[in-house]
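Number of protein chains: 2
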Amino acid sequence: MIKITFCCTGTEPAPWLAGLRAALPQAQVELWQPGTTPADYAVVWAPPQQFFDEQPKLKGIFNIGAGVDALLRLRLPPQAAVVRLEDAGMAVQMAEYVSQAVIRNFRDLETYAADARAGHWTYYKPRQRNEFSVGVMGLGVLGARVAQALTHFEFPVNGWSRSSKALGGVRHFVGAAQFHDFLANSRVLVNLLPLTPETVNILNRDTLSRLQPGGYVINVARGAHLVDEDLLELIKSCHLSGATLDVFRTEPLRPEHPFWREPKITLTPHTSARTLRADSIAQIADKIAALGRGEKIAGIVDAARGY
Amino acid sequence: MIKITFCCTGTEPAPWLAGLRAALPQAQVELWQPGTTPADYAVVWAPPQQFFDEQPKLKGIFNIGAGVDALLRLRLPPQAAVVRLEDAGMAVQMAEYVSQAVIRNFRDLETYAADARAGHWTYYKPRQRNEFSVGVMGLGVLGARVAQALTHFEFPVNGWSRSSKALGGVRHFVGAAQFHDFLANSRVLVNLLPLTPETVNILNRDTLSRLQPGGYVINVARGAHLVDEDLLELIKSCHLSGATLDVFRTEPLRPEHPFWREPKITLTPHTSARTLRADSIAQIADKIAALGRGEKIAGIVDAARGY
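Sequence lines, in order, name chains A and B. Just so you know, the first sequence maps onto residues 78 to 384 in the working numbering. Just so you know, the second sequence maps onto residues 78 to 384 in the working numbering.
Next up, chain A with everything else stripped away, as it sits in the complex (with noise of 0.2 Å):
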């Protein structure tokens, strides 16, 4: 019998293991105890070293979100397959989490929220549309779902990858050679890379410097991609214009971090795309019962690329 551990911090249990036990009616599903005996599968979300430490035999790791980082700084079994959740309903999440952001700055319904709050009735003058590119930085699954939201509006729409994509309506640019370029021809920036040692910081003082001016920065990758007082400073120097960031360096962040002080700053709590427990059940109980038939399935990390 297929044995499956669970073992994910600051999640409810008990729903995930009966969601589990339904999808996989043929297989033993039980939240990890240490000490338990070892399991062929386990289903995660920040688990200790210890929990890996006990699972000699383990054949897939089925992370419970879209970012693995965190997870692979830990030493995993070698034979194990470490496995991300792939959309499971966080696409349209992220799609719909930036839409509005990006509309919001477009649109300066911050400036008219701040106006209602006092009482004042005033107009701005619209912005130009195709002077608004938004750039997408990372064309994964949430990233080119992003990407095609955007475009929908019909913003001129720009995306920045490792590696060549075709997105319909989206200027791609491609690898370091061409990341100056991305970054002058965008207004606003989209960050939807996966943290790794090539991307930690990504967003600096230099990166960010060469946006173009009253740029705006959407973080709602890791906060490790960015350098949290290079962005202060850019907004104070008026270079940018502000920021929405869902992921912070430390979460929860820290009550005396400036960025709850900075008005131009809307920041929320790492809820841009949450995992919805009922397709995520649903894709990992697929892959699974795939795995057991012998059968590729999708989402298998790369251990050495980082994502």
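Don't read these hints as lab results, they were simulated from the structure. From the three backbone atoms N, C-alpha and C, an ideal C-beta is built for every residue, glycine too. This list has only true hints and no planted wrong ones.
Straight-line Cα separation of at most 20 Å, EDC-like style, residue types lysine to aspartate or glutamate; simulated pairs: (1) B:341 to A:192; (2) B:202 to A:164; (3) A:202 to B:328; (4) B:202 to A:328; (5) A:202 to B:89; (6) A:341 to B:187; (7) A:202 to B:164; (8) A:80 to A:117.
If you only want the chain B side, here are some residues facing chain A, beta carbon under 8 Å, derived: (9) 189; (10) 230; (11) 351.
Sample of chain B residues lacking proximity to chain A, with all beta carbon distances greater than 10 Å (derived): (12) 111; (13) 113; (14) 218; (15) 248; (16) 251; (17) 262; (18) 281; (19) 287; (20) 301; (21) 366; (22) 384.
Since the structure of chain A is provided, determine the placement of chain B on it from the hints.
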């Protein structure tokens, strides 16, 4: 020589006159002054009655907005066709304004924003998208574009209009007979109806009570569609979770109006879809040229119907 007269309240005339002259070099384009000679075509926004009393030979009246309710209350030269702006850059603006309002309600982003201002890091349970139906009242050029944008974000979308329409991915309800059914199947209500004697006060205690619990109202059509006190009562009794309002019975909204002080109401100063000068001039010039060639044009208002 064709003579065009321009009379738009609250609009800086110089760039419009220059644009119309450049687009219609054969025509004489003049700013209206009381007592000038009658013109062939008029480009108007909220003109005085005197303007039309002095225009016995007008062939066409071009309204630089989508709604003609105020215009149709004036005595117009009976032979003149009244022409509305069609789209001219307004449809995508309306789609983005409504989309962000729906997304912010669905994703609790107003609550997250209030939390951020208070320095709180708190998660809320995501809502079920398949239980979050959006009903769009009015499926003209703007309403159809809004409905299309919402289907892109995978919301269940209902549409209600007087005559039958086929819109992909939209569940359609037709006429008075299906109005209550439409309301009972909708959680968010988006109003994009023309203002006519049949639709004045259509958003009232009876109709809004029929929305699903937690209902939300987005009014981007006309203030007179909504009975203000009924909305406030249904918000206070928590049947409705709030509203986004861009239009009001009196604009600017009077300082003493309770909408300013209701935290569950987001209000903007009639800015959801602004008239874009270049797009509008191009559309008007094309239509005047087509009329000159004896061709039919789209966007002519049916005065009996009111839109």
